[in-house]
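Student: Sequence:
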Amino acid sequence: MSIGNSPEADRPSVGAALQKARIGAGLTVEEVSTTTRVRIPLVQAIEQDDFSRCGGDVYARGHIRALARAVSLDSRPLIDQFDAEHGGRPAPTAAAPLFEAERIRSEPRRPNWTAAMVAAIVAVVGFAGFTLFTGGDKSNGGSFAAGDNAKPAPAPTRHPSTIKPPLKPDHPEPSDSAVAGLPKDKVTIKVTARDGQSWISAKDANGKLLEDGLLKKGESKTITDKERIDLVLGNAGAVQLYVNGKEVKEIGHKGTVERLSYTPGDPQAG
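Under my numbering, the letters of the sequence shown match residues 19 to 288, in that order.
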C-alpha cells in the first residue's frame, strides 16, 4: 500500500533539521559545540540521527533542545518528533486510590484539657503580678504624669562607619578620562553579556584566536590587538559592545549570529 506524499513522509528527520538550521545560520560544528558544550562527535552523531551515544532518551532530549537553541530553531516540534520515533515519554505513575489514603490517615488527637488549664492559671497569675508591679510604680511617682516637663529622648547618633554609600549601577558608562586613556594605536573591544549569555570568538588580522568561549549573563571580556579584531557574536541582541571606548548600538537581534571587524580607528561615529 502506498502512503503517497503525506506530511510525515516529507518532513525531515530531527538530525537533518538541526543540520540544515546550523548551515543556514552560518555556524560550523565546532562553533555549535563551543556554544552548547556538547562534544563535536556527539553533535555530528545527532545530525546523522544517531542518538545511541547520548546516554538515554532524557539526555537526547536535552541535547536536541541545546542544539536547537544555538541555531535559533524551535525545539518543541523536534522533541515531539523524537518521542514519536522512539516510543514516546514514559507514562506517569498512577496515583494511589483515595481509600488507601483514608485507611492510613491517623486518628485525630483528643484535646489535652490538663495542659489548657495549667496555661490559663499561669496567664492569670502573670496578669496579677503585672498589675501589682505597675500600681507600685505609680505610687512612687514613676508614672507618665511628668507631662510637659518630660524631655524627649535624644535621637541616636549614627556612626559614620555605619552609613552605607549609595549603590553604584552594575554597568556604568565609561567616563571621558577612561576613553582618553585607551591606546590610540590599538583596537580595544569590551563585550558584556548584558541581557543573556552569548558565545563570542575573536581573531586577529592573521587569524590567530584571541578569545573563544561562552560569556554568561553579567560577564565581560576585554580584547586588544594592534591591527584588527575579527569578532563573532552569538545571541548578538543580548550583548553590549564598546569599541575603543565608544558604545556600538544595534548590533543585532537576540538569537542571531553577527560577524564584525574593527581597527584602531573604529568606530568612526559611535
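Hints may be right or wrong, so weigh each one.
[As the list claims (entries may be wrong)] Heads up, simulated DSS-like pairs for lysine-lysine below, C-alpha to C-alpha not over 25 Å straight-line: (1) LYS204 <-> LYS272; (2) LYS204 <-> LYS244; (3) LYS202 <-> LYS235; (4) LYS244 <-> LYS208; (5) LYS267 <-> LYS234.
If you're looking for bench data, these hints aren't it; they were derived computationally from the structure.
The structure displayed is predicted, hence computed values, not measured ones.
Student: Now, for every hint given, state plainly whether the structure supports it.
Tutor: Here is what the structure says about each hint:
1. LYS204 <-> LYS272: violated, 29 Å
2. LYS204 <-> LYS244: Measuring from Cα to Cα gives roughly 4 Å; hence the hint holds.
3. LYS202 <-> LYS235: Not satisfied, since the Cα-Cα distance of roughly 30 Å exceeds 25 Å.
4. LYS244 <-> LYS208: It holds: about 15 Å lies between the C-alpha atoms, which stays within 25 Å.
5. LYS267 <-> LYS234: Within the cut-off at roughly 20 Å; holds.
Hints 1 and 3 from the list above are not met by this structure, while the remaining hints are.
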